[in-house]
Structures are given as C-alpha cells and as structure tokens.
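Student: Residue strings, one per chain:
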Amino acid sequence: MTGIGIDLGSRQVKFAALDGQNIAWLKSYDTIPFYKRYASRCDDRLLLAYEDLGLLTPEQWQSTPLTATGYGRNTINLSGANVIPEIQAHIAGARFQTGLETFTLLDLGGQDSKVARLEDGILIDFLMNDKCAASSGRYLENMAKVLDISLEELARHHQNPVALDATCGIFGESELIGKIIEGHSLEALCAGVNQTLIKRVAPMLARFAQDTIVLTGGVAKNHAFVALLRQFSSAEIVIPPHPQHNGAIGCAFLAGREQK
Amino acid sequence: MVGFTTTIPLEIIIAAGKRPVDLNNIFITDPNCHTLIDEAEMAGFPRNCCGWIKGLYSAALHHNIREIIAVTEGDCSNTKALMEVLQLQGITTVPFAYPYDRSRTTLEHEIHKLAQHFDVTPAQADEAWHYLNGIRAHVHEIDRLTWEENRVTGEENHFWQVCTSDMNGDPQSFQQQAKTFLEEARQRQPLPDGLRLAYIGVPPIFTDLYAVTEELGARVVFNETQRQFSMPYRASSLIEQYRHYTYPYDVFVRLDDIEKELSQRRIDGVIHYVQSFCFRQIEDLIVRQRLKHLPILTLEGDRPGPLDARTRIRLEGFVEMVKARRS
Numbered sequence: 001m002t003g004i005g006i007d008l009g010s011r012q013v014k015f016a017a018l019d020g021q022n023i024a025w026l027k028s029y030d031t032i033p034f035y036k037r038y039a040s041r042c043d044d045r046l047l048l049a050y051e052d053l054g055l056l057t058p059e060q061w062q063s064t065p066l067t068a069t070g071y072g073r074n075t076i077n078l079s080g081a082n083v084i085p086e087i088q089a090h091i092a093g094a095r096f097q098t099g100l101e102t103f104t105l106l107d108l109g110g111q112d113s114k115v116a117r118l119e120d121g122i123l124i125d126f127l128m129n130d131k132c133a134a135s136s137g138r139y140l141e142n143m144a145k146v147l148d149i150s151l152e153e154l155a156r157h158h159q160n161p162v163a164l165d166a167t168c169g170i171f172g173e174s175e176l177i178g179k180i181i182e183g184h185s186l187e188a189l190c191a192g193v194n195q196t197l198i199k200r201v202a203p204m205l206a207r208f209a210q211d212t213i214v215l216t217g218g219v220a221k222n223h224a225f226v227a228l229l230r231q232f233s234s235a236e237i238v239i240p241p242h243p244q245h246n247g248a249i250g251c252a253f254l255a256g257r258e259q260k
Numbered sequence: 001m002v003g004f005t006t007t008i009p010l011e012i013i014i015a016a017g018k019r020p021v022d023l024n025n026i027f028i029t030d031p032n033c034h035t036l037i038d039e040a041e042m043a044g045f046p047r048n049c050c051g052w053i054k055g056l057y058s059a060a061l062h063h064n065i066r067e068i069i070a071v072t073e074g075d076c077s078n079t080k081a082l083m084e085v086l087q088l089q090g091i092t093t094v095p096f097a098y099p100y101d102r103s104r105t106t107l108e109h110e111i112h113k114l115a116q117h118f119d120v121t122p123a124q125a126d127e128a129w130h131y132l133n134g135i136r137a138h139v140h141e142i143d144r145l146t147w148e149e150n151r152v153t154g155e156e157n158h159f160w161q162v163c164t165s166d167m168n169g170d171p172q173s174f175q176q177q178a179k180t181f182l183e184e185a186r187q188r189q190p191l192p193d194g195l196r197l198a199y200i201g202v203p204p205i206f207t208d209l210y211a212v213t214e215e216l217g218a219r220v221v222f223n224e225t226q227r228q229f230s231m232p233y234r235a236s237s238l239i240e241q242y243r244h245y246t247y248p249y250d251v252f253v254r255l256d257d258i259e260k261e262l263s264q265r266r267i268d269g270v271i272h273y274v275q276s277f278c279f280r281q282i283e284d285l286i287v288r289q290r291l292k293h294l295p296i297l298t299l300e301g302d303r304p305g306p307l308d309a310r311t312r313i314r315l316e317g318f319v320e321m322v323k324a325r326r327s
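For the protein sequence lines, the chains are A and F, in the order given. Note that full-length UniProt numbering numbers the first sequence so that position 188 is 188, with each residue one more than the last. Note that full-length UniProt numbering numbers the second sequence so that position 233 is 233, with each residue one more than the last.
A couple of the hints might just be wrong.
[Unchecked claim] Sample of chain A residues facing chain F (criterion: CB under 10 angstroms; computed from the structure): (1) Gln88; (2) Ala116; (3) Ile124; (4) Leu127; (5) Asn129; (6) Leu205; (7) Arg207.
[Unchecked claim] Restraint ranges, calculated between C-beta atoms of paired labels, are given here: (8) Asn160(A) with Ala324(F): 41 to 47 angstroms; (9) Ile177(A) with Gln89(F): 41 to 47 angstroms; (10) Gly305(F) with Ala206(A): 28 to 34 angstroms; (11) Ile239(A) with His293(F): 29 to 35 angstroms.
In short, the hints are calculated from the structure, not lab data. Ideal placement from N, C-alpha and C gives every residue a C-beta, glycine not left out.
Full structure from sequences and hints, please.
Tutor: Next up, the structure:
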C-alpha cells in the first residue's frame with residue numbers, strides 16, 4: 001500500500017487505499033454511526049480506532065502514509081494523518097481518476113456543491129455553495145423521502161420536469177407536496193426535483209469554461225441529473241469510475257506522493 | 001455624544017465640541033455584540049435584514065445616544081427605516097446624504113446643513129479639518145508600514161483605519177496612541193514576505209478573519225473601505241475631501257481606487273466581503289468582471305462571531321490556490 005486517503009464527509013466517511021497507480025480498495029461508512037463507533041476526542045484531536053476498522057493490520061496502519069480531508073481543515077485534527085483542504089483532495093482525485101489536466105470540476109456531495117477550474121494541472125479558481133444546500137445529495141434524499149421512493153427511482157427521470165423553485169431544501173418539501181396535490185405524475189415530479197439541481201448549479205458553472213466537466217460526488221450517480229446537465233452544458237461530461245470516493249482517492253494519491 | 005451610522009464629515013462634530021461615536025464601532029467591539037442583534041430582532045427587525053443595521057439600533061439604545069446623524073444616501077436605504085425607528089424612541093436624527101453623482105454643489109449644501117444644525121461656522125469646520133488631517137497622517141503612515149515595510153499586521157492596520165472614523169471619540173488621545181504605536185512598529189523586524197491579499201468591501205462582521213488569514217500564511221496589506229475612513233487624499237478643501245471619498249459613491253469610483261492600490265501593493269489575491277442581505281452583494285459581479293486578472297474570493301457574513309466552518313474551508317482553499325498560482 002502506498003497511501004490511504006480518508007474523506008470525512010457530511011453524509012459518509014470514505015476510505016481509499018492506493019497501491020501505486022492501482023486502487024487497492026474503497027470503503028464507506030455513514031457519518032454519524034461511524035463517529036459514534038470509531039471516533040473519540042483527545043486534547044482537541046480526533047482519534048480514530050484504526051484497528052477496530054479492520055481495514056488494515058495494525059502494522060500497516062503504522063507504516064502507510066495517511067492523508068485526510070473533510071469538513072474544515074482546522075475543525076478536524078486527525079491523529080496520525082496529514083490533513084489537507086477539500087478542494088485540493090478533490091482535484092487530486094479527479095486528476096488521478098481521469099488523467100485530465102484541464103477541466104472544470106463539478107463536485108456535488110452530501111451538502112456541498114463545488115466548482116473548480118484546472119488548467120494544465122493548476123487550480124485557477126473555485127466556487128462553493130454557501131448558505132443553502134438545496135443542490136446537494138442531502139436535498140435529493142429528502143425529496144425522495146417526500147415522494148416515498150428510493151434515491152435510485154428519483155434518479156431515473158428527467159423528462160417533462162415540473163417547475164420547482166427550491167430556494168430552500170425545507171420549503172422545497174412543501175412546494176413538492178403542493179405539486180403532488182395538483183396531480184402531476186411521479187415521473188414529472190422526479191424530473192422537476194432533478195431539474196432544480198441544474199438551476200442551482202448553473203450560475204456557479206457558468207463562470208467557468210465549458211470544455212470538459214468532470215462530475216464527482218454522490219450526485220454523479222444520478223443519471224437524470226447527468227442527462228439534464230448534458231442538455232444545459234455543451235461540455236464533454238466525464239464521470240470518473242468512483243465519483244463518490246474521489247476525495248478519498250485524491251487524499252490517498254497525495255499521501256503516497258508525500259512519501260516519495 | 002453624537003452617533004453616526006457610517007462615516008460623515010467628522011470635522012463638523014469636532015468643531016461643535018461634541019464627542020463623535022461611530023455606532024458600527026461600538027456595536028462590533030461590544031463583548032455582547034451577538035445579543036445586540038437578538039435584541040433588535042426581538043424589537044421586530046426582520047431576520048433577513050443586514051446585521052449592521054440591527055447592531056446599530058441596539059448599540060444606540062444601549063449607549064443612550066440621544067442624537068444621531070443617519071446617512072440616508074451613499075449607504076443603504078435600510079438606514080432610512082432605522083432612522084425612523086430611532087425617532088420613535090425619542091432620539092434626534094439628522095439625515096445626511098452623499099449625492100450619488102458626487103455633485104459638488106449638492107455635497108456642499110449637505111455639509112452646510114449639517115454645520116448649521118450644530119452651529120458650526122465654515123471657519124470652524126476648516127480649522128477642524130486641518131487639525132484632523134494632522135491626526136489622519138499618522139494613520140496613513142500605519143497603512144504605509146503595513147504594505148510597504150511589512151511591519152504592521154493586516155489586523156492592526158484594519159483596526160487603526162476603522163477607528164479613524166470617530167477617532168475613538170477623542171481625537172487627542174487617539175493621536176497620542178497612534179504616535180506610540182508608530183514608534184513601536186517602526187522598531188519591528190519586517191514580517192516574513194508571505195501571500196499579499198487585499199480586503200475589499202465593508203468591514204467584516206467576522207471577528208477572526210484577519211487572524212485566521214495570517215494563520216494560513218497570508219496577510220492583508222490593503223483594507224479598502226477601512227482605508228477610506230482615514231481619508232487618504234491630498235484634497236484642496238473639506239468639500240473636496242468628501243468628494244474624493246469613494247465608499248458612498250458608485251462602484252466604479254471605488255474600483256478605480258482599488259485597481260490603483262492592487263498594483264501598487266503587489267496584491268496576489270482579493271477577498272471581497274459582502275454582508276448578507278446587502279445591496280452590495282450584487283456589485284460582486286461587477287467587481288469580478290473588472291478585477292479579472294486576480295483570484296477573488298467572495299465571503300459573506302451575517303452575524304458577528306468567528307468564521308463558520310464553511311467560510312473557513314473556502315478561505316483555506318483560496319489561500320492554497322493563490323499559493324499554487326504564485327509558485
């Protein structure tokens with residue numbers, strides 16, 4: 001193993017292990033149960049019971065370089081790990097996974113939406129959503145719940161979207177309920193929810209070149225969103241093999257590189 | 001005591017022999033600034049209205065300020081409603097308007113009205129102008145030591161520039177403190193030459209922005225609006241001085257000043273701070289168009305307090321990016 005990466009996300013904690021250029025394994029845990037079970041705090045540092053995780057032998061945990069990222073580089077202080085900013089982790093992951101050096105990264109995670117621009121491997125600019133998470137994975141989960149369907153079912157529909165405003169993920173629920181009462185089909189409601197993601201992301205994305213978009217984060221698994229994104233943007237859309245683990249992979253890659 | 005809602009011709013208050021109080025300064029330095037916002041909301045100020053307006057309201061009441069100059073043009077129109085709410089509390093309010101077109105005649109008339117209200121003659125105002133300019137020169141020197149000699153931190157500079165708006169209510173002591181500070185600062189070893197950032201926009205409602213920025217290895221060497229408070233011009237008269245003042249006029253006048261300073265101060269990146277619910281948030285798009293050649297981070301703050309986790313992440317990412325660009 002050349003490096004381990006940990007991405008402490010708002011919905012899931014992701015692990016990636018790299019062996020040179022190969023991904024040895026990937027793993028994810030729901031955030032809250034993960035913290036309850038494996039984490040403790042000591043002197044302002046976050047301690048993880050690495051051995052209890054069982055992913056590696058205690059010797060391997062000792063000998064493999066570890067890099068982590070997550071919610072606020074300074075709010076996590078993970079014992080035994082080099083902690084890096086999220087944007088750096090995601091860019092490293094996207095470069096590793098796609099081999100591209102010039103692209104616009106769109107990362108839609110549990111609560112965050114990030115757009116970053118890379119040219120010849122150098123980060124030129126980036127934007128993140130603030131104040132509102134109405135374009136994130138968590139928003140999609142809530143809407144699927146309101147519609148009483150699975151996330152997978154929600155992600156199937158993109159045609160004839162019902163117009164939804166969704167300035168707020170919570171008000172969006174009552175707006176959606178209103179639309180259900182109006183009698184719209186489930187397909188159109190699902191498409192409407194997916195369309196709101198485009199509406200939220202579009203102003204951020206529009207600031208950057210539309211040549212290649214690398215789409216990462218859990219939302220990349222939403223086929224309807226990808227179809228709608230293709231309608232919105234003329235860019236070539238590249239989805240790396242492991243969009244959800246992109247940050248963790250980036251960390252693992254950087255951990256290995258640090259070692260050299 | 002005469003309170004005011006944003007910088008006004010301080011000369012008039014000084015000439016009138018009254019104690020000037022910038023309500024923004026007493027609000028943000030209040031150890032309970034957070035509760036001041038809550039009190040204003042309890043009184044009925046909407047949640048989606050600027051934190052400064054709410055803070056100003058409660059600060060005026062807490063400090064029992066009975067007379068306030070309200071800047072109704074050149075700052076935001078929320079101030080008009082604030083003025084009316086304060087009137088309701090029996091506070092004397094004096095409106096002051098910076099003309100959007102920077103008309104000399106209109107500004108002269110406004111300053112004249114203000115002087116009349118406080119029984120100040122033109123000669124007295126002029127005398128106060130010369131007196132205050134002598135004090136402001138010390139603050140300009142503090143600014144120079146920040147960007148040219150790297151002996152003063154971004155936070156110290158921010159503090160001195162901001163305090164110049166009311167000179168802490170006591171110009172004489174303020175001058176003495178500035179002199180003492182300068183003597184000490186001149187003896188310092190220059191700070192290590194890290195990233196050089198500009199801070200533009202209204203002063204931050206965050207309490208630790210400068211400290212965190214410095215912790216990350218970057219330093220603010222240009223505080224745009226705060227520097228304006230210190231009137232960094234060689235103006236030919238009191239009226240001309242307040243015509244040169246960029247902050248109350250259009251964004252393009254501000255941008256001319258910003259662009260000049262960005263190049264003079266060898267800036268690597270720009271932090272544009274905007275206040276939640278403020279009309280200046282819209283101007284961010286103009287700022288971004290005009291300052292295209294530099295990386296810009298737009299930060300938004302609502303209530304007083306330390307940086308929230310999200311803002312911190314964005315600031316960290318920005319500093320890392322600017323570092324990578326520079327190397």
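Student: Against this structure, judge whether each hint is valid.
Tutor: Against the structure, the hints come out as follows:
{"no.": "1", "hint": "Gln88", "verdict": "holds, 6 angstroms"}
{"no.": "2", "hint": "Ala116", "verdict": "holds, 9 angstroms"}
{"no.": "3", "hint": "Ile124", "verdict": "holds, 8 angstroms"}
{"no.": "4", "hint": "Leu127", "verdict": "holds, 9 angstroms"}
{"no.": "5", "hint": "Asn129", "verdict": "holds, 9 angstroms"}
{"no.": "6", "hint": "Leu205", "verdict": "violated, 15 angstroms"}
{"no.": "7", "hint": "Arg207", "verdict": "holds, 8 angstroms"}
{"no.": "8", "hint": "Asn160(A) with Ala324(F): 41 to 47 angstroms", "verdict": "holds, 44 angstroms"}
{"no.": "9", "hint": "Ile177(A) with Gln89(F): 41 to 47 angstroms", "verdict": "holds, 43 angstroms"}
{"no.": "10", "hint": "Gly305(F) with Ala206(A): 28 to 34 angstroms", "verdict": "holds, 32 angstroms"}
{"no.": "11", "hint": "Ile239(A) with His293(F): 29 to 35 angstroms", "verdict": "holds, 33 angstroms"}
Checked against the numbered hints given earlier, the structure breaks only hint 6 and satisfies all the rest.
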